[in-house]
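*Asks:* When you get a sec, could you build the whole thing from the sequences and use the hints?
Chains Y and R are the protein sequences, given in the same order.
Taking my numbering, the leading residue of the first sequence gets 3, the next gets one more, and so forth.
Taking my numbering, the leading residue of the second sequence gets 9, the next gets one more, and so forth.
FYI, nobody ran anything at the bench for these hints, they're computed from the structure.
Hints may be right or wrong, so weigh each one.
Stated by the list, open to error - When the alpha-carbon atoms are kept at most 25 Å apart in a straight line, the in silico DMTMM-like pairs for lysine to aspartate or glutamate are as follows:
{"no.": "1", "chain 1": "R", "residue 1": "Lys-47", "chain 2": "Y", "residue 2": "Glu-213"}
{"no.": "2", "chain 1": "Y", "residue 1": "Lys-48", "chain 2": "R", "residue 2": "Asp-16"}
{"no.": "3", "chain 1": "Y", "residue 1": "Lys-362", "chain 2": "Y", "residue 2": "Asp-401"}
{"no.": "4", "chain 1": "Y", "residue 1": "Lys-55", "chain 2": "R", "residue 2": "Glu-134"}
{"no.": "5", "chain 1": "Y", "residue 1": "Lys-120", "chain 2": "R", "residue 2": "Asp-130"}
{"no.": "6", "chain 1": "R", "residue 1": "Lys-76", "chain 2": "Y", "residue 2": "Asp-137"}
{"no.": "7", "chain 1": "Y", "residue 1": "Lys-55", "chain 2": "R", "residue 2": "Asp-53"}
{"no.": "8", "chain 1": "Y", "residue 1": "Lys-55", "chain 2": "R", "residue 2": "Asp-16"}
{"no.": "9", "chain 1": "R", "residue 1": "Lys-47", "chain 2": "Y", "residue 2": "Asp-211"}
{"no.": "10", "chain 1": "Y", "residue 1": "Lys-80", "chain 2": "R", "residue 2": "Asp-130"}
{"no.": "11", "chain 1": "Y", "residue 1": "Lys-55", "chain 2": "R", "residue 2": "Glu-106"}
{"no.": "12", "chain 1": "Y", "residue 1": "Lys-288", "chain 2": "Y", "residue 2": "Asp-401"}
{"no.": "13", "chain 1": "Y", "residue 1": "Lys-288", "chain 2": "Y", "residue 2": "Glu-250"}
{"no.": "14", "chain 1": "Y", "residue 1": "Lys-55", "chain 2": "R", "residue 2": "Glu-127"}
{"no.": "15", "chain 1": "Y", "residue 1": "Lys-80", "chain 2": "R", "residue 2": "Glu-134"}
{"no.": "16", "chain 1": "Y", "residue 1": "Lys-103", "chain 2": "Y", "residue 2": "Asp-20"}
{"no.": "17", "chain 1": "R", "residue 1": "Lys-47", "chain 2": "Y", "residue 2": "Glu-240"}
{"no.": "18", "chain 1": "Y", "residue 1": "Lys-48", "chain 2": "Y", "residue 2": "Asp-78"}
{"no.": "19", "chain 1": "Y", "residue 1": "Lys-55", "chain 2": "R", "residue 2": "Glu-46"}
{"no.": "20", "chain 1": "Y", "residue 1": "Lys-172", "chain 2": "Y", "residue 2": "Glu-147"}
{"no.": "21", "chain 1": "Y", "residue 1": "Lys-80", "chain 2": "R", "residue 2": "Glu-127"}
{"no.": "22", "chain 1": "Y", "residue 1": "Lys-373", "chain 2": "Y", "residue 2": "Asp-350"}
{"no.": "23", "chain 1": "Y", "residue 1": "Lys-303", "chain 2": "Y", "residue 2": "Glu-14"}
{"no.": "24", "chain 1": "Y", "residue 1": "Lys-55", "chain 2": "R", "residue 2": "Asp-55"}
{"no.": "25", "chain 1": "Y", "residue 1": "Lys-55", "chain 2": "R", "residue 2": "Asp-15"}
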Amino acid sequence: MSAVYNWQLGREMEYPYDGAFPDRQFAFVFNINRCIGCQSCTMACKSTWTFSKGQEYMWWNNVETKPYGGYPQHWDVKLLQLLEQLNPGGQTWNGAPQALKAPYGQFKGQTVFEAALKNVSAEGAQQALGYLPTDEEWAAPNRYEDNPTGAEKGQKSRYFAGGESLPQHKTWFFYLARICNHCSYPACLAACPRNAIYKRPEDGIVLVDQERCRGYRKCMEACPYKKTLYRGTTRVTEKCIGCFPRVEGRDPAGGGLPMQTRCMAACVGHIRLQGLVQLNQDGTWKEDRYNPLYYLVHVAKVALPLYPQFGTEPNGYYIPPRWVPRPYLRQMFGPGVDGAIERYANPDRELLAVLQLFGKEQRICSRYEIKEGPKIFETEVRGKRFAMYNDTIVGYAHDGTKVVETTVEEPVHIRPDKHANSI
Amino acid sequence: MQLRYADDFVEGAVFICANRRRCGPPPLQIRRFHLAREKLYSILDPDARNTAFFNLQLEWFREWGLEKMLVGPADEFPLLRRMLNALVFRRARIQRDEGAELYVGPENGRSGVVALRIERFDRPDELACFLRHEFAHVNDMLDPAFGYSPEVHLPGRNAAQQRLTRERYRLLWDIAIDGRLTAASRATLGGREQHRVAFDHVFGFWPESRRNEVFDALWVDRQPRHADLLAIASDPRGLDSTHEPVPGAACPLCGFATFAWAGAHGLSAPTRAAICAEFPHWAPDQGACRRCVEIYRIVGARTPLAV
Chain Y
3 MSAVYNWQLG REMEYPYDGA FPDRQFAFVF NINRCIGCQS CTMACKSTWT
53 FSKGQEYMWW NNVETKPYGG YPQHWDVKLL QLLEQLNPGG QTWNGAPQAL
103 KAPYGQFKGQ TVFEAALKNV SAEGAQQALG YLPTDEEWAA PNRYEDNPTG
153 AEKGQKSRYF AGGESLPQHK TWFFYLARIC NHCSYPACLA ACPRNAIYKR
203 PEDGIVLVDQ ERCRGYRKCM EACPYKKTLY RGTTRVTEKC IGCFPRVEGR
253 DPAGGGLPMQ TRCMAACVGH IRLQGLVQLN QDGTWKEDRY NPLYYLVHVA
303 KVALPLYPQF GTEPNGYYIP PRWVPRPYLR QMFGPGVDGA IERYANPDRE
353 LLAVLQLFGK EQRICSRYEI KEGPKIFETE VRGKRFAMYN DTIVGYAHDG
403 TKVVETTVEE PVHIRPDKHA NSI
Chain R
9 MQLRYADDFV EGAVFICANR RRCGPPPLQI RRFHLAREKL YSILDPDARN
59 TAFFNLQLEW FREWGLEKML VGPADEFPLL RRMLNALVFR RARIQRDEGA
109 ELYVGPENGR SGVVALRIER FDRPDELACF LRHEFAHVND MLDPAFGYSP
159 EVHLPGRNAA QQRLTRERYR LLWDIAIDGR LTAASRATLG GREQHRVAFD
209 HVFGFWPESR RNEVFDALWV DRQPRHADLL AIASDPRGLD STHEPVPGAA
259 CPLCGFATFA WAGAHGLSAP TRAAICAEFP HWAPDQGACR RCVEIYRIVG
309 ARTPLAV
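*Replies:* Listed below in structure tokens is the structure:
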């Protein structure tokens, strides 16, 4: 085991290998508040990569309804339980936040790598604490879709008085879109007995070498997000490849510029923004103030990692849903939740502009610029003053090519009286 | 009787065994298994590779005693060995798909097919109970004394009634099987109490004395017959043979089961005439459902009475 620095936990942690970081890291932000669970992303991925024989149960991208849904079923609850059993009451956060190095304070509990050291059997210790889901758990990706939390115990038929009012609902659910997080410390990579899983030095995408893999399924056991999947026809494991040909700029539609993945591009709700971020020697993010991902994660701090306490340093970030009870969200996204929701619910001028970049353009935006516009709206939102400015945000690719330009206010186009499809 | 396995069933079971972190096979054997398996990836022809994987995994399936776990309970039913040409095991992904079937074909003769989830190998006692129960089903299907017929003739029943009948039949058969297994001092997945709860739920329309009588008879019956079970399942209230205005009996006019009988004695002359025009042998004592009465009242009002 080596000591590596995990900035999401705000501390060093044990990992089976030394830290090795790519030049630029594949990362993405999903805005849960906007997801309508239409599964367009799921189908975009399915029709691009997993439509062949043996891949019937394989969903590299899935959208599940929380709190009850999950693919495989109850993946997160089961692992949280395992961690709780090994470290009862100890999975807590503490300490003061510190920019870049510890933005959510410090995690005092145990990661999947640290907890695994305690869970020794005759076969030896696991590299990462985990379990292999059963066939039944993989069998239905949309089980519990649209199921909200029930009424209070013993009051099944009673509606909650005021249950619909913000900031938190008593009856709630939300859609959680998931792909491989292309973690900085992947548990799948740590667990592979064949060293068949690797992290690309150019963009940090985690891949399974199909020629080295021998179908041990240790990665499936170890990945806390359960995003590696076994294919019975080839007897090897497959996983999300981050649409690497597009990220490399090899999709002709991008004109040679890096493009976002298929699931990002297909999202009709414009909930997704994907890009590449620069890293320091210790794996923390290099300051890149006008990279939209850097802004959302480290400046506005509205986007948070999914289950950071697992310790794999996932590179998928989520803007948490406003209406969900905070204890649930704190468990899922860490202690940054309250601040993130506060800022998202009362967005400032810059945040409102950056949020317009979601889903507007398939090419990756590496830098943005905001041109200030006039104030167009002013109101009070839950006791706070809110002003909206019609700013223009311009996005540039890594080589400086302008890839997107959009305004905060949706442009209105008034059609002439006579037009082609007039009745 | 030949034992046959689906390749994904054997592979899944062997992997469950190899992944058992506690009480599994010795680590050295697991290592040997993986090393032998790794070599097969060098076979390029996909069909040859599949066959090689299957053969290797079947070897370990036997080595780790998994085949014995399946064959042991089968040996308790001599009829299976005597009358089946093949006993096939395949993988079920969800609990609903689990079960045993008997297939009879001109080429392969009789084959028993058991579908089960591989996770059952993790709990050997439960697996034995499950298999014993399913083998008992196959055994009954083969036993001439049971008189099983795969086709359930229920003339005049709609799809919902047929499904209801099948569900009742399944429950009665399960009770009859577990009753016999319990009497033979075999552990079962569902105990007497559990079956009784299900039975009370499905046959709740019977008075308790009748439920006690039927359930007890089923539980102790050493030689149940398909026809008897089907008779209870298809017509538990004995309504098929009656056209009296009993709730749930069939209306003599439309033939649908009804709980809404109309007072046929007070019908007007034109309505009675309209009914008798189509059903000459109908008498008001036989009754009619409210829908039929409504229709024939309208028909009667339109048709002038013959003088």
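*Asks:* Evaluate each hint against the coordinates.
*Replies:* Evaluation of the provided hints:
Of the pairs offered as hints, the one joining Lys-47 (chain R) and Glu-213 (chain Y) holds, with about 12 Å between alpha carbons and a cut-off of 25 Å not exceeded. A distance of roughly 23 Å separates the Cα atoms of Lys-48 (chain Y) and Asp-16 (chain R); the hinted pair therefore holds under the 25 Å criterion. A distance of roughly 19 Å separates the Cα atoms of Lys-362 (chain Y) and Asp-401 (chain Y); the hinted pair therefore holds under the 25 Å criterion. At most 25 Å may separate the alpha-carbon atoms for a hinted pair to count; Lys-55 (chain Y) and Glu-134 (chain R) exceed this at roughly 33 Å.
A C-alpha spacing of about 23 Å is found between Lys-120 (chain Y) and Asp-130 (chain R), which places the hinted pair at or below 25 Å, so the restraint holds. Distance restraint check for Lys-76 (chain R) and Asp-137 (chain Y): the Cα-Cα separation of roughly 23 Å lies within the 25 Å cut-off, and the hinted pair is therefore satisfied. The suggested pairing of Lys-55 (chain Y) with Asp-53 (chain R) holds, with an alpha-carbon distance near 16 Å, which does not exceed 25 Å. For the given pair, Lys-55 (chain Y) sits about 14 Å from Asp-16 (chain R) by alpha-carbon distance, which is consistent with the 25 Å threshold.
Note on Lys-47 (chain R) and Asp-211 (chain Y): the hinted pairing holds, with a Cα-Cα distance of about 17 Å set against a maximum of 25 Å. Restraint check for Lys-80 (chain Y) and Asp-130 (chain R): satisfied, since their Cα atoms lie roughly 18 Å apart, inside the 25 Å limit. For the hint pairing Lys-55 (chain Y) with Glu-106 (chain R), the CA-to-CA distance comes to about 23 Å; that is within 25 Å, so the pair holds. As the CA atoms of Lys-288 (chain Y) and Asp-401 (chain Y) are separated by approximately 18 Å, the hinted pair is consistent with the 25 Å bound.
Of the pairs offered as hints, the one joining Lys-288 (chain Y) and Glu-250 (chain Y) holds, with about 21 Å between alpha carbons and a cut-off of 25 Å not exceeded. At most 25 Å may separate the alpha-carbon atoms for a hinted pair to count; Lys-55 (chain Y) and Glu-127 (chain R) meet this at roughly 24 Å. Using a Cα cut-off of 25 Å, the hinted pair Lys-80 (chain Y) and Glu-134 (chain R) holds, with the two alpha carbons roughly 23 Å apart. At most 25 Å may separate the alpha-carbon atoms for a hinted pair to count; Lys-103 (chain Y) and Asp-20 (chain Y) meet this at roughly 18 Å.
Between the alpha carbons of Lys-47 (chain R) and Glu-240 (chain Y) the distance comes to roughly 20 Å, so the proposed pair stays at or under 25 Å and holds. As the CA atoms of Lys-48 (chain Y) and Asp-78 (chain Y) are separated by approximately 23 Å, the hinted pair is consistent with the 25 Å bound. Only pairs whose Cα atoms come within 25 Å are accepted, and Lys-55 (chain Y) paired with Glu-46 (chain R) is accepted, the gap being roughly 22 Å. Between Lys-172 (chain Y) and Glu-147 (chain Y) the CA atoms are separated by roughly 18 Å; this keeps the pair inside 25 Å, and the hint holds.
Our distance criterion of 25 Å between C-alpha atoms is met by Lys-80 (chain Y) and Glu-127 (chain R), whose separation comes to about 17 Å. Between Lys-373 (chain Y) and Asp-350 (chain Y) the CA atoms are separated by roughly 15 Å; this keeps the pair inside 25 Å, and the hint holds. Proximity of Lys-303 (chain Y) to Glu-14 (chain Y) is assessed by CA-CA distance (about 22 Å); at most 25 Å being required, the pair is judged to hold. Under the criterion of a C-alpha separation no larger than 25 Å, the hint pairing Lys-55 (chain Y) with Asp-55 (chain R) is consistent with the structure, at around 14 Å.
Between Lys-55 (chain Y) and Asp-15 (chain R) the CA atoms are separated by roughly 16 Å; this keeps the pair inside 25 Å, and the hint holds.
The structure fails to meet hint 4 from the earlier list, while all remaining hints are met.
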